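Enquirer: Please model the entire structure based on the sequences and the hints provided.
If you're matching them up, the sequences are chains Y and B in order. So the first sequence is numbered by the numbering used here: it starts at 1 and just counts up by one. So the second sequence is numbered by the numbering used here: it starts at 1 and just counts up by one.
Please keep in mind that the hints were generated in silico from the structure rather than gathered at the bench. The model shown is predicted, which means the values in this text are computed figures rather than measured ones. Glycine included, every Cβ here is placed at the ideal spot set by N, Cα and C. Don't take each hint at face value.
To be verified - Taking lysine-lysine and the DSS-like style, the derived pairs with C-alpha atoms no more than 30 Å apart in a straight line are: (1) Lys77(Y) x Lys52(Y); (2) Lys77(Y) x Lys56(Y); (3) Lys68(Y) x Lys52(Y); (4) Lys53(B) x Lys11(B); (5) Lys68(Y) x Lys57(B); (6) Lys52(Y) x Lys57(B).
To be verified - Covered stretches of chain B (chain Y as the covering partner; in silico rule of three or more C-beta atoms under 8 Å from a C-beta of chain Y): (7) 14-25; (8) 105-112.
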Amino acid sequence: GDSVTQMEGPVTLSEEAFLTINCTYTATGYPSLFWYVQYPGEGLQLLLKATKADDKGSNKGFEATYRKETTSFHLEKGSVQVSDSAVYFCALSGSGAQKLVFGQGTRLTINP
Amino acid sequence: DAGITQSPRHKVTETGTPVTLRCHQTENHRYMYWYRQDPGHGLRLIHYSYGVKDTDKGEVSDGYSVSRSKTEDFLLTLESATSSQTSVYFCAISDGHRGGSEAFFGQGTRLTVV
Numbered sequence: 001g002d003s004v005t006q007m008e009g010p011v012t013l014s015e016e017a018f019l020t021i022n023c024t025y026t027a028t029g030y031p032s033l034f035w036y037v038q039y040p041g042e043g044l045q046l047l048l049k050a051t052k053a054d055d056k057g058s059n060k061g062f063e064a065t066y067r068k069e070t071t072s073f074h075l076e077k078g079s080v081q082v083s084d085s086a087v088y089f090c091a092l093s094g095s096g097a098q099k100l101v102f103g104q105g106t107r108l109t110i111n112p
Numbered sequence: 001d002a003g004i005t006q007s008p009r010h011k012v013t014e015t016g017t018p019v020t021l022r023c024h025q026t027e028n029h030r031y032m033y034w035y036r037q038d039p040g041h042g043l044r045l046i047h048y049s050y051g052v053k054d055t056d057k058g059e060v061s062d063g064y065s066v067s068r069s070k071t072e073d074f075l076l077t078l079e080s081a082t083s084s085q086t087s088v089y090f091c092a093i094s095d096g097h098r099g100g101s102e103a104f105f106g107q108g109t110r111l112t113v114v
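Expert: If you want it as structure tokens, here you go:
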């Protein structure tokens, strides 16, 4: 079945550092790919998405490119802030199935 | 913010008792989902619904049942709670009208089974 694998955390960075969180997936067909973020004590909220190969999703300085050849959707940000501290989830929605499959999540902590 | 409300937000219950969690939406979305969140496992799908009285199992459905008698309400029942069901439970909704539809999540219910 469909699955998502994220780099294991936790990840700790200093403010203004470059961020990469790796995500790879296994799916049949052409899934849509997502990054969700969860701030402490809250539910998940959509950060960005891409629905077809080579699409780039972007939001709040974060970017991820849908790479079909490497089945990847890595999350990047050029300069992180303390407010980016949260748990980040990579997810996919398979073609024809309206349910999200999540990776295990990566906890990110940004120190001032 | 999407209109999605979970109740209760916190619950402590004893092993062997039945527990029902409620998810209520005001968005008229077709799809509703129940996930559980556990450290090291991310979010795992328990059950989902694609319409009134239309439900299907997710990857961790054993010990859980659901019902959806109205578009706006999706109930999750733990028939006989066990300690392994201690978790944070999230409800989500989606309109599912097109590929890549965004899912909106509730605030979560923290359930402790003692």
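Enquirer: Look at each hint and say if it fits the structure.
Expert: So, going through the hints one by one against the coordinates:
1. Lys77(Y) x Lys52(Y): Answer holds: Lys77(Y) to Lys52(Y) is near 21 Å, not above 30 Å.
2. Lys77(Y) x Lys56(Y): Measuring from Cα to Cα gives roughly 13 Å; hence the hint holds.
3. Lys68(Y) x Lys52(Y): 9 Å, holds
4. Lys53(B) x Lys11(B): Distance ~26 Å between Lys53(B) and Lys11(B) Cα, so the pair holds.
5. Lys68(Y) x Lys57(B): 29 Å, holds
6. Lys52(Y) x Lys57(B): Answer holds: Lys52(Y) to Lys57(B) is near 27 Å, not above 30 Å.
7. 14-25: It is violated: at least three residues are needed, and the region 14-25 of chain B offers just 0 whose Cβ sits closer than 8 Å to chain Y.
8. 105-112: n = 4 at 8 Å, threshold three: holds.
Hint 7 alone, counting from the list given before, is not met by this structure.
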